[in-house]
Structures are given as structure tokens and as C-alpha cells.
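Protein chains: 4
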Amino acid sequence: MEFASDNTSGATPEVLAAVVAANAGYAASYGADQWTEAAQEAVRKAFEAPQAAVHLVATGTAANALSAAILCPPWGAIYSHEAAHVEVDECGAPEFYIGGGKLVLTAGTHGKITPEGLAARLARTPQGDVHHIQHGMLSLTNLTEAGTAYRPAEVAALAALALKAGIGVHMDGARFANALAATGATPAEMTWKAGVDVLSFGASKNGAMAVEAVVIFDPAKSWEFELRRKRAGHLFSKSRFLGAQMGAYLQDGGWLAHAAQANRMGQRLANGLAALPGGRLIHPADGNIVFAAFPRALHVRATAAGAHYYLWPFDQTLEGPGEEEVTARFVCSWSTTEADVDRLLEVLAG
Amino acid sequence: MEFASDNTSGATPEVLAAVVAANAGYAASYGADQWTEAAQEAVRKAFEAPQAAVHLVATGTAANALSAAILCPPWGAIYSHEAAHVEVDECGAPEFYIGGGKLVLTAGTHGKITPEGLAARLARTPQGDVHHIQHGMLSLTNLTEAGTAYRPAEVAALAALALKAGIGVHMDGARFANALAATGATPAEMTWKAGVDVLSFGASKNGAMAVEAVVIFDPAKSWEFELRRKRAGHLFSKSRFLGAQMGAYLQDGGWLAHAAQANRMGQRLANGLAALPGGRLIHPADGNIVFAAFPRALHVRATAAGAHYYLWPFDQTLEGPGEEEVTARFVCSWSTTEADVDRLLEVLAG
Amino acid sequence: MEFASDNTSGATPEVLAAVVAANAGYAASYGADQWTEAAQEAVRKAFEAPQAAVHLVATGTAANALSAAILCPPWGAIYSHEAAHVEVDECGAPEFYIGGGKLVLTAGTHGKITPEGLAARLARTPQGDVHHIQHGMLSLTNLTEAGTAYRPAEVAALAALALKAGIGVHMDGARFANALAATGATPAEMTWKAGVDVLSFGASKNGAMAVEAVVIFDPAKSWEFELRRKRAGHLFSKSRFLGAQMGAYLQDGGWLAHAAQANRMGQRLANGLAALPGGRLIHPADGNIVFAAFPRALHVRATAAGAHYYLWPFDQTLEGPGEEEVTARFVCSWSTTEADVDRLLEVLAG
Amino acid sequence: MEFASDNTSGATPEVLAAVVAANAGYAASYGADQWTEAAQEAVRKAFEAPQAAVHLVATGTAANALSAAILCPPWGAIYSHEAAHVEVDECGAPEFYIGGGKLVLTAGTHGKITPEGLAARLARTPQGDVHHIQHGMLSLTNLTEAGTAYRPAEVAALAALALKAGIGVHMDGARFANALAATGATPAEMTWKAGVDVLSFGASKNGAMAVEAVVIFDPAKSWEFELRRKRAGHLFSKSRFLGAQMGAYLQDGGWLAHAAQANRMGQRLANGLAALPGGRLIHPADGNIVFAAFPRALHVRATAAGAHYYLWPFDQTLEGPGEEEVTARFVCSWSTTEADVDRLLEVLAG
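Residue numbers (our numbering), protein chains in the order written: chain A, 1 to 350; chain B, 1 to 350; chain C, 1 to 350; chain D, 1 to 350.
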């Protein structure tokens, strides 16, 4: 009953097999190996972006922070949602990599920035006045931290505001596959066709061991990215193991199938949670993340039975008796089964 | 005939097997898994350092730069050899992580800093005067970039000067196992018993896929390290795969056996290179790296035959006819065989 | 009719005379001169803080950002008001000097942080979890950007929360003299007796040319401050001119007299603005800054007559006819006279 | 007998008078005042550079570090002389402002970089390889720290190498007027006509209180400079006082006359030192700085008589009896008189 995060699952069989296969013999290092090159090509093909620069790193925070560093100057505002991973969960990585930068936050229901919210924020940052930070970049997360998915048209509406403000658009796609599975959009539709300049294309959460690609649709910033990556210690010597993972991840559309499975389990779980006595959903469950509220007694019972998930927000008081409500986050992964979901629902239902 | 670097080899069978085994089922993330904890304990045991803090990262540059960041203030001098990896091969990673810092270099024959050289450098940096950078840290590489090994007493002599100057000592142990195999020293003798405060304990070059441990002998700086690691994007979500590698690396002394093999091949190669007509060694070949000079014609022939190694320094002119000499670097790894060495020597000898 | 800012006024006669007098002959540089030493001693005396470290810089942004750099680690949260100068008006200077840092903002009416607001913010930043930024520092502005004054007891209540959270307290005292004049508190009561660790003690706005003192009540951080100041280019070679200004500023309580005059003019102006037809105050006018709302027609008239002040916030639409209201900020200085105030009120009243 | 530095002198009468005059009445702040604008125009005129961006700061370290930040990326090599102020005397300011950077040093006799030395250094930094820092900028000091002057043709030869390497050229002109007086070159000949991109145009050492202009000959980087200056706390609110100094400094060629006087005193002193029994010059005394060696007994005597100057390098042992030699640096300023020089020579001669 593991629903704490999709990063508690392992790698898919095909990813593991590719890593094992890549181990044979000698290989050029630092990205000059055939696995890396094949993976880069596979990403370009998946995104219908033959000119894009594709660079591999091992963590989502590295992908996000390095992306920010090539988009945003040290005196730039990073427009993002107040719940964004770059704001909440990276211990200040964007600021470290940018050498400054200021997260300028919007609220937005269900984890999504709205055009109105973004426009208001942009308007409140005076430009051309040296006392104030300047427009820096827009960062969207898709799938969002609330488990909802931006549709391409929603991305495009926000990106148009960014373009008007003269800044680039980053998408944190730690769960990009889940966003595609949720919306039916193609990789290209969700990114460069909608105005995204740089994508953190996550694979670790959806069946890789540890690999993410940064996709830079306009390759002019590619060399700067490479220097920043090396300088940050994120260039792997035995890069074949990153390349092998990413290649296997994309092979035959496996990544989308795995994400679809995770999303189906999310939907199944969401339906079950909403049907609990006293249960209700907090956000629409577009993908593999489900936020729900339910009576505290259910939480006590499920936890005692070994269910793993996070109360969200983290600081809910659990002291005292009674039937008060808790709110919790559940995450399904590529390896979550119907039986896993049903068992969790059973222990919650009692 | 692959002698370009020890990072062109793959992982050892035991490391690969451990990664495969660790993939089964769910595991806690971000270092709370059993593999990481076992690896940390194994490192502490190998170093006879039950109090040490042990943190895993995936690259040597990350290990070095994060180590520097907890030892050196932004206005600090990093005393190191002019050929050190931190100076030459990390695209300014220490300066990025420290938020400044200045590499203050000494020459020193055969890749080693001498006490006299260090003392002279320390004396030339005025202290207590706000116009000048202050003593920051000492960074030693062992095995050195020249392929030589510091003995524990040599480390201790340098560390004593650092202690007197009030600064900490870092050891870049990207090839730490090779240094131990070369000297017969124990891990403890080579580090904390000799005055080393923080070690970049490399495994990637000696048979892991991608893992290094930072060993902080005085754990007071451990929490700061953890924050800096996260903030730099070097904390892995599926940390079990780092832990599994390091655990298998240390299992039953395999790491030392692999290093001994690489060193033996280095010695065999050194003997052969020195015996070539016109051949001579540039540095003593204490470990798995060999620097030699030999006639250009031999280089042309070996390269044509498919031998891989680097001319060193990189900017040797190869134009024109004649018997001029080249100098080159050869690196053996855990997977280098006697047959590999002999084949290389054959094609060089013609 | 100059009410745009207190920094449009010049220096007081005594400050100018001191600068002229200090010019005679040779003087030691970089702070070793008698004027700097006398100024440091005068600050310590004024604050009843014989152990305090006192360092001079030329701008308020430098004082604030350097203060932040010695209080807050790169991964720290800087708790401040959303209107604070460090957030709004310094183009990201704290983030630059800290090498990161994140401004965590509270609203708070009339420019003041409340204990409730601060406690809520502190509670929302998870501690001891490496994914999140950690408590860094508290920064209060007094006189606030809204023109209100914290009383010592208010400062103490906030500082107590900071102390409990294990972080230091900075006060941005760009208008510190005005805050003292508004409250009757002594320098010591408003700072170290209330729990302030580091003060940006402004003089430029209240009659100096360009000098601020950073007062570090616990001198343990003094040397780090000096290194950071030099490294930022804020150590003056001909430091006598900073010392002379600060010495003359403090001489015979002149600084408090000038602030009292500015505050009196603020009060006179506030009374007049509130009495305008359609006029009302936005914030209590505790000091020399007055925020008021009044019909747009008055603004058009006053501006045409040459009155200088800022509409606040900056983005008020002034298009179109009618009697709509504007809101504006007026700042009085040591050199503002009753006649100046009365003339402004006349042109507003029409 | 004050020869420790040209920064121990005060301001010239015309600079002081201008500051006093600028104090009258109100003035726009942050550089929008008439004095700043007039000074900018005067600099442009003096340099025959109508398009140049001119920005004022108060210290030479600020001018140098901000200049470096707009010329050099964080992963860039700053080619400079090993004795350069940016390397030796700024506590790492360039690295702080650049967010990295690495000073790559050349020796060069008498404080000057040679084309051969620079070419060798450029050749030793591999380009296009992500492991190594990249060419960043060239920084020359004129008048050099050794008291010698680059001629325009010498600057041009070095700048041509920089241009070929694709990097910009900075000149640290803390004593720029002395370099002009020494060579007879015009401001334009010594800078943009010779290939200099950005000049730190010092005034503080030659008769101002505290002002330097950064002259950016290609104004495309001007806005970035302004943002960096504000963000570093180097934008003055009461900017009129910086503008007034710089305007008066340039008025009627006074700056060149003062430098010529300082240089004449340097020449007189050099002649006298060389004529001392056992005296000799260490570097050619092109300007106002003189390095000489002479018997230790003379130093003891002069110091006892109240002469101020620095032994150079700083770490000469003065213990023990005897006639050993010391080496010392003497600096003349605009206010040094023939009587001052002769008195010093008298006490040295005994």
C-alpha cells in the first residue's frame, strides 16, 4: 500500500534491462557514447523537434534549476504557482543556480496559474526601473503539484503573456508523461507548439532509475547549458547509463503506456476515495495524484494497517479524539496495480 | 586497447547485480532506504570512523565542489596543485558552489604538493588584512593527477600546515582505492589519521556506475552538506540505486582488489613503455595512470591500430614528419587485462 | 514643493562643514582614520553598546544586503513585510549578497508585521527537512515603508518569535531617527534591548550626503562583515569622508532634532491632507511619510503647479475625466519647512 | 612625509568646492540630477565617445568588479597580471560579482602583460571542451601596479589577442590620469582606439573624494550594468555628490594637470632614490609610483623620522642587525610637493 510518491517505485523491466545491456565493454564518456546519442535522437523524434538540444541529468531539481539558469538573469522574476516544486521543494535550487532570481508567486486554484493571475503579477513588477527586479521567466508544472493537467490551450494562453513580456517559458515536466496521458496531447502540442522554450522532461518518476532530459527547443542556449551542467557536477562520466535509461524509457511508447496505467489507477483511487463515507476530492484527479479529504478515523485505521501516503499540508494536527477531517495526497505509479488500490480503499473503509 | 580513462569501463558484475537486486519492490526515497543506510554504515566501517557523516552523490565533481563549499568561505583561498582536477577539469565548479573562492596553486613535481611549496603559498597570502582573500582550505588529490600516490606521512605533513593555518583539509579521492593499493595504507591511515577532514571517496572510476561518497569525519558540517546537496540537485529520489552500488563496491574488499588489479596493469604498462625504443616515463607510475614519452612514429602507428589514450598535455603539435617525441597519458581500470596491455605495447613497438 | 523623497534634500550644514574640515591634510585610508574611529565610538555611545561593531557604508541597500549576508545562510528564509525595501526596491540585492535566500513575505496592515502573521509564516516553513528552505532571519523596517513606527514592545514581540525560531533579527533603519522621534524610544530600547541583532542605521535620508552605519550588537560577526564589505567594493579608501559625515550627524543630538522636524512637517501635512475635501489618510502618519487619498482633480492641479510626490502604488491609471481618487505618498525631510507644507496644501486645495 | 598611497591625500579644492555647491536645494536622486548628467557628458567628451555609457560608483573595486560582471560569464577566465589589483587587493570581488570566474595569471616584468605571455595563457585554456573554463575577458591595469605605463600600441597588441579569442577588454584605470600623463596619449587613444571595451576611470586617487566612472564604449551592456550596480548597492540616492566630484575633476583639464604633478614628483623621487648610496630602482618609474631598493639602515632611519611608505612585498623580515637591503613602494599624489620629496630623501640619506 505504497502511495507516498511515485519515486518509491523501482525501474521498469525494460529500463533495467537496458542498463544491464549497456554495461558490456568500454564506452566513450561524458555523453559521447552511443546510448546518449540515441536517447537524444529519440527525444527529438518524440517531440517532433529535430533542432532541439537534449541534455541528460539525473534529478528533477537539477533539470529545473539548470533550465532556470539559462532562461532567467540574476535579477529576474520567476513567475510560478505558489505550490510549485521550484518554490517549495528544492531548498532554493533555482536561486542558487541563477545566482539570485526571485520567485514571484500566484495562487490559482487546483495548482494552475491563470492568465488573469499571471497578468496581474506581471503588471505589478515595474519594468525599466532599476530599483526593481525585471521580468525573468515563467515556470509551469505539468502535471501540476495538485494533480491537475494543463491543456495545450491553457499553456498557450500563459505562454502568450510571457512572450508579450519578453520572457521565456519553462515547463517542469517531472510528470510530463502523466500530463500527456491525461490530456491526449502530443509532446509537441504540449510544449513548443504551445510556446514552451525549455522542458524538464522527467523519467525517474515514471519508471526510470534516475534520468531526466532537458529539452531546449531553441538550441542557441545549448552550449551555455552544457557549461552550467558540467560546472554543477551534473555531467556523468559513465553517461551510457543515463542514455540507456532514457532510450529504453521512450522505446515503443512504453513511457506513455506506463503513465496511462498510473493515471488509471489514480482515477480508480479517486473514485474510491470520493465514495468513502465522509470522503471528497480536493482537486480534480486528472492524472496519478489524488488529493482527498476524509474523516480522521479512516486515516488512523489505514496508517495502522500499513498504508503509506502523506497528509497534505504537512502540519495537520492529529492530536485529540473525534471525527475531524484530514486531507491527504496519494500518488500512483507505473507499478501500482488495481489490487493495490482496492486494498488501500478497503483499509480506509474499514 | 582502451586506455583513455578509467571511466570508459563499465560497472563490475557485483555492482550491476546489486543494482538489479535493489530494483525489486518499493523503497523509501531521498536516502531513507536500506541500501543507502547500509552503504553509509559500510563506509564508516571501512574507515574505522563510526561518527563520520557519509553522503552519496553521483559524480566526482559534485563530491569535490560540495566538499569545498562546506570547508571554504566565499573569500577563501583553496590551496591545491596546479594540475588538480578542481582547478583544471571542473569548469569552475568549486567557485560556483563556494560562491567565490580562489584556487591558489602550487607546482610540485609529479603532481604532488610539497610542504615547502604549501608553506610558501600560505606565507604569501596576507591574513587579517581585509583586502586579501583569507586561508580557506587545502585540497589534495590522491591518487594524484600525475599518477603518483601520497603516502600517509606526506598527507600528514601537509595537513599539519593546514591545521596551523586554521583551515580544513579535503582529499579528492576519485582514485582513492588506487592510492591505497599503491601505498598499502588503510583508509583511516590515509585520511582522518593523517588530518584529512573531508574525503571525496570515488567509486565510479573503479567499478561503479555512478556513485561517490563524501565522508565528513567531523559530522558537525553534515546538515549543511545535506542542504547544499539538495539545493544543488544532487539528492537522488530513488537513492536505493546509489546505495546499492556503494554497498556492493565495498563488499568483501572488492574495491581494493579491483584497484590492485588496475595498478598491476599500470605497472606492467609502465615497464613496457619504458622499455620501448626511445621510451621513458614522465612520472613514477604508482597506480593505474602512466605518463610516458616516446617517438611520434609509435604514436601514429598505435593510433592507426585503434589504441585509445590521450596525448598530454593536449596541445602537442602533430604536424610534420620526423621522429619527434610525444608525451601521453594511459589509464588502466579494474577491467584492464594483461592481454590488453600487451596488445597495446605490441602495436606501439610495431 | 519637493515631497518625492527625503533623499532629494541635501546635507545639513554641520555635515557639510565636517566634510570640508576633514579634507585638510593626509589621513590613513580604509577606515583607519580618526574620523571613522570617532564616528564608530559615537555610534556605540548613542546606542549604549560599547561592544558593538560599527561599520560604515555609503548606501542603504549596501547596509541591508551586507547585514543579511551575515545573518542568513544561502538556504534561508528572510521573513519580511511584503512592502519591505529589501523585497521591493533593491533589485534583488539580498539574494545577490546571500548567494540565494528567499524572501518570505507577510502582509500586515500599515506596513507592520504582526506576531500572528510572523508565527503563521514560521509555522508554514517545514524545518529539518532538506527539501525546504530553513529559517534564516527576520527583517523589520522602522520607520516602516508605510510611514508607521514600531514601538519597542512591538519589536520585542517579533524578535521573541525569531529567537524561538533560532534566527537573527535585522532592522532596516533607513529612517531610524524618524522612528525614534515618533516613539520617544532610545536607540538602545529600539534595538538590542528589544532583540535586534544588526541595524542598518541610516543617515543619508536625514541629512548626510551618503553614509549609513551597520551596527552589529554581537561583534562575533564583525570580521566576516568586513570581508564581505571589502569584497563587495563598499570599503572606501578615503574613509575619512564617511566618518566625518557620521560624526557630524550624531553631534549634539542633531540627528534626532532633524528627524523631529521632519516628523512635525509630516504631521502638519497629514492634518492638512485629511482636511482636504475628499481627502483621507491611508496609513497613520507616525513620522515623515504620509499616504493619503484625494480626488484626482487635486492631483492634476498640484502637479501642474510643480508639486513633486509619487502616486502610490505606481500603476494608477490617470486617464479619463472625472473625480476619481488617487492615492499618493509624500515624504518630508529635515529641510522641509512649514511654508513648504502650507504651499503644497494650498495648491492641492486650489 | 606621506608616501603610503595616493589615497591618503584629500580632495582638490575644485572638487571640494563643487560638492559644497551641489548641496544647495533639492535634486533628483539616483542619477537623474543635473550634476550626474553633466559629468557623464564630460566623460564622453573627454573620451571622444559620444555613444559611450558612463556610470558613476564610489570605489575602484566596485568599478572593476561590476565591469568584470558585464564582460565575463561565470565560467570565464579573467586574464590578468599576477600583481593586478583585481587578483591581489579586492578580497575576491570579481569572483563575487561574476558568480565564479577564475583569474588566470601571467607574470610579465614590471607589472605588464606581454603579448607572448597572454598568447601562451590563452593557448593553455582548452576551448570548446566543457570540462574547462572558457575565455572570459582580459583585464589590464594602467598605470600598472608596478608604476609602469602601457603605451597605446602595447594595449592594442594585447587587445588584438583578446579580440581574436572572442573576449572583451577591461582596463583598470584607478590611475588612468597618471598613465595618460606618462605617455602623452589621449583618453581615446589609450582606450577604445586601442581596443578597450570597458574602463574603470578612477578619480578618487587623483583628487576626488570618492568617485569613479565606468565607461562602457559599446552601450549595449549599459542596462545590465545599471541593474547590477543597483543590486550591489552601488547606486547612490544623493547622486549629485558623485556627479559634482566627477564634473569638477574633469573641468578645464584639472585631472591631467594634477596627474602630471604627481608624476613629476614620482620622477623627482625616483631620481633621488636611485642616487642614494646603495639605492636602485626596481621598476621604471613612469608615473607616480616608485619602487626602490636601498639599505635597511636607511629604512630604519626614515621610519623613525616619520616617513610613511610600504615595504613591498609585505613580508620582508626586518629582524636582526646589518646592512641588508629592503625594497619599498612610494606613491606620490596630486598634493605631493617638491619639499615633501626632498624632505623624504633627506631623512633617507641621513
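Just so you know, not all the hints are guaranteed correct.
Chain copies aren't distinguished; within one or between two, either way the pair holds.
Using 25 Å as the maximum straight-line C-alpha spacing, the simulated SDA-like pairs for lysine to any residue come out as follows [said to hold, decoys possible]:
id : residue 1 : residue 2
1  : K193      : T337
2  : K45       : Q251
3  : K164      : Q267
4  : K45       : A304
5  : K164      : Y310
6  : K45       : V326
7  : K221      : P73
8  : K164      : E226
9  : K164      : P313
10 : K164      : Q316
The hints are simulated quantities; they were obtained by calculation from the structure and are not laboratory data.
Predicted, not measured: the structure shown is a model, and the values here were computed from it.
Going down the list of hints, with the structure as the test:
Neither within a single protomer nor between protomers do K193 and T337 lie at most 25 Å apart by alpha-carbon distance, with minima of 34 Å and 52 Å respectively. For a Cα distance limit of 25 Å, the shortest separation of K45 from Q251 inside one copy, 11 Å, qualifies, whereas the shortest one across copies, 42 Å, does not. In the homo-oligomer, the alpha carbons of K164 and Q267 never lie at most 25 Å apart, since the shortest distance is 37 Å inside one protomer and 44 Å across protomers. For a Cα distance limit of 25 Å, the shortest separation of K45 from A304 qualifies neither inside one copy, at 47 Å, nor across copies, at 36 Å.
In the homo-oligomer, the alpha carbons of K164 and Y310 never lie at most 25 Å apart, since the shortest distance is 39 Å inside one protomer and 27 Å across protomers. Taking the shortest alpha-carbon separations for K45 and V326, neither the intra-copy value of 45 Å nor the inter-copy value of 44 Å comes in at or below 25 Å. For the identical chains of this complex, K221 and P73 are neighbours both inside a copy (13 Å) and across copies (14 Å), given an alpha-carbon limit of 25 Å. Proximity of K164 to E226 under the C-alpha cut-off of 25 Å is restricted to the inter-copy arrangement: shortest distance 23 Å between copies versus 28 Å within a copy.
For the identical chains of this complex, K164 and P313 are inter-copy neighbours only, at 23 Å across copies versus 35 Å inside a copy, given an alpha-carbon limit of 25 Å. In this assembly of identical chains, K164 and Q316 lie within 25 Å of each other by CA distance solely across copies; the values are 21 Å between and 41 Å within a copy.
Of the numbered hints listed earlier, those contradicted by the structure are 1, 3, 4, 5 and 6.
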